[in-house]
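Undergrad: Produce the entire structure from the sequences given, and follow the hints as far as they go.
Number of protein chains: 2
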Amino acid sequence: MDIKKMLENDRVKPYLLKARYGIEKEGQRVDLSGKLTKTDHPKSISTRDEHPFIKRDFSETQMELITPVTETLDELFNYLAAIHDVAYRSMGDNEMLWPLSMPPELPEKEEDIVIAKLNNPENVQYRQSLSNSYGRRKQMISGIHFNFEFGDELIQALFNLQSEIKDYQQFKTEIYLKTTRNYLHYQWLITYLYGASPSSEKNFFEEDSLNEPVRSIRNSKYGYTNHSDVQVLHSSLEKYVSDISLMVKRGLLVEEKEFYSAVRLRGGQHVSDLKCHGVRYIELRNIDINPFEKNGISYEQAEFLHLFLIYLLWKDEGNHRDEWVKAGNFYNDLVALEHPLEHTQFEGDAKNIIDEMEHLAEFLDLTVSDTLFINLRQMLMDPSKTLAGRLYKDSEKDSQGQVATSIAKENYEKSWDKPYQLTGFTDMELSTQNLMFDAIQQGIQVEILDRQDQFLKLQLKDHVEFVKNGNMTSKDSYVSTLIMENKTVTKKILHQHGFRVPNGEEYNDIDYALRSYDLFSSKPFVVKPKTTNYGLGISIFKEGANYEDYLKAITLAFKEDSSILVEEFLNGTEYRFFVLNDKVCAVLSRVPANIKGDGKHTIEELVMQKNRDPLRGRDHRTPLESIQLGELENLMLKGQGYRMDSIPKNDEIVYLRENSNISTGGDSIDVTDQIPDDYKKIAVDAVSELGAKICGIDLIIENTEVPAANKNTYGIIEANFNPSMYMHIYPYKGESRRLTMHIIHYLFPELLQSQSNYGYHYKNTDLQCYAVE
Amino acid sequence: MDIKKMLENDRVKPYLLKARYGIEKEGQRVDLSGKLTKTDHPKSISTRDEHPFIKRDFSETQMELITPVTETLDELFNYLAAIHDVAYRSMGDNEMLWPLSMPPELPEKEEDIVIAKLNNPENVQYRQSLSNSYGRRKQMISGIHFNFEFGDELIQALFNLQSEIKDYQQFKTEIYLKTTRNYLHYQWLITYLYGASPSSEKNFFEEDSLNEPVRSIRNSKYGYTNHSDVQVLHSSLEKYVSDISLMVKRGLLVEEKEFYSAVRLRGGQHVSDLKCHGVRYIELRNIDINPFEKNGISYEQAEFLHLFLIYLLWKDEGNHRDEWVKAGNFYNDLVALEHPLEHTQFEGDAKNIIDEMEHLAEFLDLTVSDTLFINLRQMLMDPSKTLAGRLYKDSEKDSQGQVATSIAKENYEKSWDKPYQLTGFTDMELSTQNLMFDAIQQGIQVEILDRQDQFLKLQLKDHVEFVKNGNMTSKDSYVSTLIMENKTVTKKILHQHGFRVPNGEEYNDIDYALRSYDLFSSKPFVVKPKTTNYGLGISIFKEGANYEDYLKAITLAFKEDSSILVEEFLNGTEYRFFVLNDKVCAVLSRVPANIKGDGKHTIEELVMQKNRDPLRGRDHRTPLESIQLGELENLMLKGQGYRMDSIPKNDEIVYLRENSNISTGGDSIDVTDQIPDDYKKIAVDAVSELGAKICGIDLIIENTEVPAANKNTYGIIEANFNPSMYMHIYPYKGESRRLTMHIIHYLFPELLQSQSNYGYHYKNTDLQCYAVE
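As they're listed, the protein sequences go chains A and B. Residue numbers are given in this note's numbering: position 532 of the first sequence equals residue 1088, and the series is strictly consecutive. Residue numbers are given in this note's numbering: position 749 of the second sequence equals residue 1305, and the series is strictly consecutive.
Mixed in with the good hints, there may be bad ones.
Given that identical chains are not distinguished, each listed pair holds provided it fits within a single copy or across any two copies.
[What the hints assert, rightly or not] Okay, derived cross-link-like pairs now, DSBU-like style, lysine-lysine, Cα gap no bigger than 30 Å in a straight line: (1) LYS1237 to LYS1013; (2) LYS574 to LYS1098; (3) LYS871 to LYS831; (4) LYS1098 to LYS1048; (5) LYS1086 to LYS1031; (6) LYS1013 to LYS1194; (7) LYS1013 to LYS1139; (8) LYS970 to LYS941; (9) LYS1139 to LYS1017; (10) LYS1139 to LYS1031; (11) LYS1031 to LYS1013; (12) LYS1086 to LYS1205; (13) LYS574 to LYS1115; (14) LYS591 to LYS949; (15) LYS1108 to LYS1098; (16) LYS1098 to LYS694; (17) LYS1194 to LYS970; (18) LYS722 to LYS569; (19) LYS1017 to LYS1048; (20) LYS805 to LYS561; (21) LYS1031 to LYS1237; (22) LYS1017 to LYS1031; (23) LYS1013 to LYS1048; (24) LYS907 to LYS777; (25) LYS1048 to LYS1031; (26) LYS907 to LYS673; (27) LYS665 to LYS813.
Think of the hints as simulated: they come from the structure by calculation, not from any bench.
TA: Structure, rendered in structure tokens:
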């Protein structure tokens, strides 16, 4: 079986870079001064042991972040960044993540390191025995595990090119075994390039057993390794499985998973599963946390690892397989303990490997970043460019602890910079980003079925829910959304059920509309296209209209749509009620774009000041939009006798727009607690008559202090089946209403159940909806 | 209170023609030779006593058709026509409706007239007592009742102009009372113009008591009137109510509703309700069936009645109210018994009334048909233009019975001419027309909420269902339709659940799509825009493609959409499975437009022949589309070495299109019974995984005889959330599947329940769905 030739075959080529990835990243929680925190794992994270994304590792302070399995590196890093955002913002604003593999200063007394307070007693017991066997200090080291699976199409294509091995599963296992043995043989190269644990902080070592700095304490014999009597051979899967079993039987390992190696073969829950199912993927475990990357590992590193694994599959291995692996462990220990600024003793070998990798990539048409090989060669030529080298050099000025603290602080600030966004997914709609944040926090699997289309699959155990645009779900019936989409139908149904809607008529014919002039002429009324689009084609006559103006308005509306509505105009303030499952979760009042004078600054300056709010931006990427100073705003100012350089009086409010849309710079003001129950009841009842479960319904109310009993105090303008949520979550003024979390809990009611089971009642006050009887 | 002045007020004018209408029309069922039928009321009609549209009147053969209340005459006549269609097609093809008020030849023995076999014994008993009191023959007379209500805005506007009457309800009652008294006074005009029962048929009169022909037997004392000792005064509501109660008390009337008058005051279930609620509307009962109108009354007649009622409200009445009414009854009997071809003795009065009406209409800006007054004057000048005159003159050649039979036959043929349409609603989508037909037949209230948008409200007692486009309902969740709308998401979900879908990738970037050439080049594949529109931008490569062709195809697809799909091409036949509530209700195979040679005719002639099928037409107004002979068809012929004037061999099939869409002349072939259960199960299971309840899912199957166990025997192409239904109901070949009735029964399962309660099990075989275990 000539694997080199096989890899070069045209039938294999299209699939060479197909793979599946996953990252696990550990890290210690510290306070803002870089001290190990004394707090528990954050309560806002669903704290079940089996949280898919954010767990506790050995200690209560050690967070483990886990990505889902992805099919591209882009996706992988998107999820990794997003999970970091969730972790940071769930910890609250007094904590951050330590950016090094080596822990920060540890307590003097080992017992003060708190073992993770998990729910399952077995999990706690396992940690207790690790603590007995290795000491708690060593367990505080953190690292990155990189899970890698060759694409099935790739292995299938390779399999089809040979006839030596008849069994597909066996073939696959051999592929991974060869790659693994070569990885173990050459692991020193990873340690050289990406080793990043040169020095320990206070109280890590009980005595000065090690001559620091080195390249990687973590990857050396002083790091996270088994006792030397634990020996596992990689020459065959049978040997590997039986060796590990033997170690457990002899008591050298408490559990199979205690076997620490630079690579772990994976294929099931237990090592013994490998015998039945073969190797399904491998877990690279010798990656130190990259201090210079917010996520602890760079995209280029991952790209290197992928290419390196293809190279290792391609590259011939030594004849004596077990010796080959053993030599690798030996070389690695040497490199790990080298000074971070000295050239490695294997520099020549490293240069050869990198040259070969580059040739292979070219030959096989593998696309990689332009800078990958340049950077690799630089690191090889100049050890101060390696991660350990950089960290050590930075630490020469300050201490390593100070460097780490200031890096952590930077990461912390980035995570809090735009709290309405979810890093990795900022191209998606804000509501979807918020929903994904909450889903991750609650431990719900999030799969993006169509990114452009904002289409998510959420899964909690066997319970699957699909969500589009943040709140289009299985809970609403199709026809109820169609009802809301059609204003005439919505109005008819609400009217039939006794709600007040603006009187009016729909016209499909201009002559017929004109003949109805008498019906409206003397009252306040509005003319609008049936399907309105950003307010185009709308004319409002607050005191009736003469025939000429009526004709103009009708003609204008018909330019936008083949059907138009002429309706009674209702006086009052417009409120958006967000109704979810027969409860009012938020009420918002929207105020047209405006500024408040201070008697000193011009209107233009005041607009610029107001636009500096980080919540304001362009194109719906922020919860509020910047106020514009365009033609319409200037006209509006002119109408009030102002220009852009006028200076309004102190506390004077100047409006720049007639319409109150948030998209044209309007202010969103939460008034949920101020709106009386009787109006909330109208909103809930109306939504219920439309058969809707998730709905943003707009009411005009003249005076909320006047009881709603009199039907003439309000009017229902329209109902929206995909109401914007972010304007409630991040209002300009008033309390935030975390609607996306309400959606999550509505879709997955079992979450609240399970949290109360564990004694963690959800008590966040902004998660209260108004149930109206 | 000067009602004349009030009616001319500008605040009243806009509402003058606002009104609500309803029609009830009785008619005898006859066989195709015009003989009274001996069959029961059709079983296909839901036979509950309270059917809102199609009931039995006195006898089992007497059908009563009832429109819903409408706000325009257009709507009124649409429903009236539609209900006629349903009645005709429900009777089956051996029966028709007698087009005259006077019944056809009656049985010699009165007892052979069968009293309606109603479910409620009280209803049967009431008919028995009528039969005792008037004899069954007289009860066989049929007529039209025209229900009329002035628009509430009109009465409100009038009310606001006066201060004499403080109570709105009382004011309204006075409006109706005046109109009613004047109507009764001038009823002879209706009898003159629209009386249409000049002669009786055999066995109606026991002896020759009447000198036929007359204008209206029905409206004369020989017709449908109470015994002369029944006297009810109209001077006040109190008097009216107490008189009727008295008549019942005295036993002169069996029930209140036995009081026959040209106008009945309406306001509730019982006459006594009038006292509490006042008069809500009036029922004009003196309208003979118009033999010359398929629906028994013309639009112009209804227009006249509306205008006449406004005129009667406007017109001063006599000072002695009861005398005024009494005189009217007397005049009417005179006119009713005039010879249909002689001038009426009230010609001068009639002329005055018509002149006044015309002036009033002009003065009040009331728009009426241009021909209304011309026709009225013609009828006045020439009695042979009145309905009675026309019917009598036509009957001079043949007998009246023969004339009626041939008119009935014409109406019958019109009703069966396009069985896929519902008269009155032919502008709507075929599926919606079919659904409305079935709803009416099942006695479900149908309200059109938005006609252009095909939006219906269906109601059975308190149970309301909204339906758009025939099958968008409350049963499907919103997100499941969004899943189906997105091909990539649909495929992902089906693939995750182990169904075979074409392998492929979605691309949003042309370069990325081109780089993937190798993935597809050597296999059959298809390139298409993500959102396909009538097949634009699709390229199929059945044997792979070279790079140049691949590039062309990709470019073409990106012209249609910003996202494209490149997918494996599956060989086989495409089947459309219509799945409803986890059952397969229909399977269709679609064959591209084609003709079958006969060795004699040219292709062009054969196409014209095939297009003569009444099921074929243009623009989706028929279940099948005409085959075109355009550019594409000519190209396709050329490719096969044919021209339009080629003569294909006997039995040779020549295809004119590559694609099998029905919209481009394809044939629909029902294969429901031929498709094996295992493929039906795949369709049902796949739809279930998409969370859908109503779905048209397309499977490619290579050979239906090969069991589906092997996943490679089929592939799922797409799922449609608004699948066309009419192509299953009216297939080109194979059995019809009444999917709209399935939808009705799915939405209203109580229908099946109630039918079985009455012993009428639904046994129509085409209403069977395949439940697959």
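Undergrad: Each hint: holds or not?
TA: Hints, one by one, checked against the model:
no., hint, result
1, LYS1237 to LYS1013, "between (33 Å within a copy, 25 Å between copies)"
2, LYS574 to LYS1098, "between (64 Å within a copy, 26 Å between copies)"
3, LYS871 to LYS831, "within (26 Å within a copy, 102 Å between copies)"
4, LYS1098 to LYS1048, "within (24 Å within a copy, 53 Å between copies)"
5, LYS1086 to LYS1031, "both (27 Å within a copy, 27 Å between copies)"
6, LYS1013 to LYS1194, "neither (51 Å within a copy, 49 Å between copies)"
7, LYS1013 to LYS1139, "both (25 Å within a copy, 26 Å between copies)"
8, LYS970 to LYS941, "within (25 Å within a copy, 91 Å between copies)"
9, LYS1139 to LYS1017, "both (27 Å within a copy, 28 Å between copies)"
10, LYS1139 to LYS1031, "both (14 Å within a copy, 23 Å between copies)"
11, LYS1031 to LYS1013, "both (14 Å within a copy, 21 Å between copies)"
12, LYS1086 to LYS1205, "neither (41 Å within a copy, 56 Å between copies)"
13, LYS574 to LYS1115, "between (52 Å within a copy, 29 Å between copies)"
14, LYS591 to LYS949, "within (22 Å within a copy, 111 Å between copies)"
15, LYS1108 to LYS1098, "within (16 Å within a copy, 58 Å between copies)"
16, LYS1098 to LYS694, "neither (76 Å within a copy, 62 Å between copies)"
17, LYS1194 to LYS970, "neither (42 Å within a copy, 66 Å between copies)"
18, LYS722 to LYS569, "within (22 Å within a copy, 92 Å between copies)"
19, LYS1017 to LYS1048, "between (42 Å within a copy, 19 Å between copies)"
20, LYS805 to LYS561, "neither (43 Å within a copy, 109 Å between copies)"
21, LYS1031 to LYS1237, "both (21 Å within a copy, 26 Å between copies)"
22, LYS1017 to LYS1031, "both (19 Å within a copy, 26 Å between copies)"
23, LYS1013 to LYS1048, "between (35 Å within a copy, 11 Å between copies)"
24, LYS907 to LYS777, "within (26 Å within a copy, 120 Å between copies)"
25, LYS1048 to LYS1031, "both (23 Å within a copy, 21 Å between copies)"
26, LYS907 to LYS673, "neither (47 Å within a copy, 101 Å between copies)"
27, LYS665 to LYS813, "within (27 Å within a copy, 100 Å between copies)"
Hints 6, 12, 16, 17, 20, 26 from the list above are not met by this structure, while the remaining hints are.
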